[in-house]
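Trainee: My request is simple: use the sequences and hints to build the entire structure.
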Amino acid sequence: KKYPSSNTFKHKQACTCNRYSHNPRNYTSPTMMRKRKSSDSSNSDEESVQAAEPPEGRDDDDVKCMRTLFLDQLGQGKARWVQCITIFVAAFLSYSYNNVGSKVNVQVSIMTVIVIVGASPYCKSHLVPAAIGALVGGQNVIAATTDNENTVYATNYLWLLLLSVVVSLVWCFVITPFKVLDGSAGRLGTTTFIGMNITMLLFFGPLGVVQWERYILGVYQVIFIAEEDTTLDITNVWKWTDEAELAIGYCISVVWLGVAGGAIRIAHNSTHPPEALNNVLVPSLIALTSMLLINSTGYKHAFGLYNGFAVGAYVAMASLQKIPTVKKFILVSCTAAIWGLALTPFFVGFAGKSGFTAMLGHTTFESIERLIKKCMQQRLSRRRQEENQMRLANDTQQQQHQEQQSLQPVAPTSQDEAPSLMIHHPHSHKPQRENSVLLKHQRRQQSRLRHYQDQKLGDGPSLDSNSKLQHRGWSVTQADSADGWHHTLESHQDNSNNVV
149 KKYPSSNTFK HKQACTCNRY SHNPRNYTSP TMMRKRKSSD SSNSDEESVQ
199 AAEPPEGRDD DDVKCMRTLF LDQLGQGKAR WVQCITIFVA AFLSYSYNNV
249 GSKVNVQVSI MTVIVIVGAS PYCKSHLVPA AIGALVGGQN VIAATTDNEN
299 TVYATNYLWL LLLSVVVSLV WCFVITPFKV LDGSAGRLGT TTFIGMNITM
349 LLFFGPLGVV QWERYILGVY QVIFIAEEDT TLDITNVWKW TDEAELAIGY
399 CISVVWLGVA GGAIRIAHNS THPPEALNNV LVPSLIALTS MLLINSTGYK
449 HAFGLYNGFA VGAYVAMASL QKIPTVKKFI LVSCTAAIWG LALTPFFVGF
499 AGKSGFTAML GHTTFESIER LIKKCMQQRL SRRRQEENQM RLANDTQQQQ
549 HQEQQSLQPV APTSQDEAPS LMIHHPHSHK PQRENSVLLK HQRRQQSRLR
599 HYQDQKLGDG PSLDSNSKLQ HRGWSVTQAD SADGWHHTLE SHQDNSNNVV
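Numbering (my numbering), first residue to last: 149 to 648.
Treat the hints with care, as some may be off.
[To be verified] No farther apart than 20 angstroms at their CA atoms in a straight line, the calculated lysine to aspartate or glutamate pairs in the EDC-like style are these:
1. Lys448 x Glu517
2. Lys475 x Glu517
3. Lys226 x Asp330
4. Lys476 x Glu514
5. Lys476 x Glu534
6. Lys448 x Glu391
7. Lys470 x Glu423
8. Lys476 x Asp330
9. Lys272 x Glu423
10. Lys470 x Asp602
11. Lys448 x Asp390
12. Lys327 x Glu514
13. Lys470 x Glu534
14. Lys272 x Asp220
15. Lys521 x Glu551
16. Lys522 x Glu534
17. Lys475 x Glu514
[As the list claims (entries may be wrong)] Computed beta-carbon distance windows for the label pairs:
18. Arg530 x Leu440: 52 to 58 angstroms
19. His420 x Thr389: 43 to 49 angstroms
20. Ile346 x Gly249: 40 to 46 angstroms
21. Lys212 x Val252: 52 to 58 angstroms
22. Ala267 x Gln369: 36 to 42 angstroms
Keep in mind that the hints were calculated from the coordinates and are not lab data.
Using N, Cα and C, we set each Cβ at its ideal position, and we do this for glycine too.
Mentor: In structure tokens, the structure reads:
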């Protein structure tokens, strides 16, 4: 028998590993394949034993193949188990950075972890699950009910692990497969917020890990506007001027981050279309830089501005297909800022609240824009219907006018010709005259012509000044024609006198 060389065998092993690298469930090791072939073969027992016991080098090749498959999936970061591990590791880093030792602001810890992971050349493929994990660790509800909040216990990390598992399941089995909120602002924060509420309702609330009052903590306790992680007694209430100052600063910070991040991405895509900037890393880097600059000034309302920077960064992470212009980034940021001020007393300290606020701003703007477009379309359709109706009315009037003109006779061109037809309006009750169709100067010419003909022939009465008018109550005979006109009653009176 001719056995294949070692190079040929290694080539087949590599092909087998590549074939089953995408789906490890369908992978069957070469050892198992050889065992199946040996059981089905009709060789002797000695040959089957030799086939079932391959050389020791074959097992090492199987181990190397599985190791290569593990490293490939770990490097790509697309496998679900890799994403779950990445979420927990990022949550562990952000939670520890926020609580261990000197406390750091939640938003600063979140943006720091995202920037570190995104800047690493070996972790760029894990940036999205790492951002979700940073949001999971960036919360102030775990161990918030203990006597000493500065002490970090081991049980806190167990609760953090539980929260990470729930958020990972929501991301891997709900958000990613069904493409929920694909391309919308605050998608990662909304995923964390949904997992936080599920964990709160099933575990944290019933077990007493987190107070139920966290949902409406700002209703009965004083909370700074736009500062969701700090509380005060009723005796330390700020003045309304401080509240107004922080509210204005919060809105400006949201608009600044949303517009700056979106404008930089749009400008880069217009100049370098093939190479798009990372939509998660760039806004996070701008937000972290802005936070450090505000922190260096020692501004007393810096924490409120940090929350504004976070909301604006999540707005700037939206897809450019959903928000393609700077004008829309401004409008979405303004809407998100209004939502952020409105949600200050609710969901205090919840993980992913800033991303959820950005998502509400984006969806609200899209709904308003869609409603405006629908109203404009209805208005245009109504205008078109009115124009069509007016056009039809004008057409009908023109047709009726043309029909009436076709029924009317044409005026005679010569003076001797008289109108042959008399048109009577159906609604008029007065009889029309013969010359009603003729014009005024035509009637004058016709009357003069008739008068001239009568004078020439001598048939009609003359126009002398001595001629007397004949009234219908007067009568004349041939005998009395020499004496003039006499009334008929005068003849009757004369006859009566003669009789007497």
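Trainee: Determine for every hint whether it applies to the structure shown.
Mentor: Each hint tested on the structure:
1. Lys448 x Glu517: Given that 20 angstroms is the threshold and the Cα spacing comes to 37 angstroms, the pair is violated.
2. Lys475 x Glu517: Given pair Lys475, Glu517 holds - Cα atoms ~13 angstroms apart, limit 20 angstroms.
3. Lys226 x Asp330: OK: Lys226 and Asp330 at ~17 angstroms, within 20 angstroms.
4. Lys476 x Glu514: The hint holds at about 10 angstroms.
5. Lys476 x Glu534: violated, 34 angstroms
6. Lys448 x Glu391: Holds, because 12 angstroms separates the two Cα atoms, which is no more than 20 angstroms.
7. Lys470 x Glu423: Given pair Lys470, Glu423 holds - Cα atoms ~19 angstroms apart, limit 20 angstroms.
8. Lys476 x Asp330: holds, 18 angstroms
9. Lys272 x Glu423: holds, 15 angstroms
10. Lys470 x Asp602: Since the Cα atoms of Lys470 and Asp602 sit roughly 97 angstroms apart, the hinted pair is violated (cutoff 20 angstroms).
11. Lys448 x Asp390: Judged against 20 angstroms, a Cα distance of about 10 angstroms means the pair holds.
12. Lys327 x Glu514: Holds. Lys327 to Glu514 sits at ~18 angstroms (cutoff 20 angstroms).
13. Lys470 x Glu534: violated, 35 angstroms
14. Lys272 x Asp220: holds, 14 angstroms
15. Lys521 x Glu551: violated, 45 angstroms
16. Lys522 x Glu534: Holds, because 18 angstroms separates the two Cα atoms, which is no more than 20 angstroms.
17. Lys475 x Glu514: Holds - the C-alpha atoms of Glu514 and Lys475 are around 13 angstroms apart, at most 20 angstroms.
18. Arg530 x Leu440: 52 to 58 angstroms: holds, 55 angstroms
19. His420 x Thr389: 43 to 49 angstroms: holds, 46 angstroms
20. Ile346 x Gly249: 40 to 46 angstroms: violated, 31 angstroms
21. Lys212 x Val252: 52 to 58 angstroms: Because 44 angstroms falls outside the window, the suggested range is violated.
22. Ala267 x Gln369: 36 to 42 angstroms: Check passed, 39 angstroms falls within 36 to 42 angstroms.
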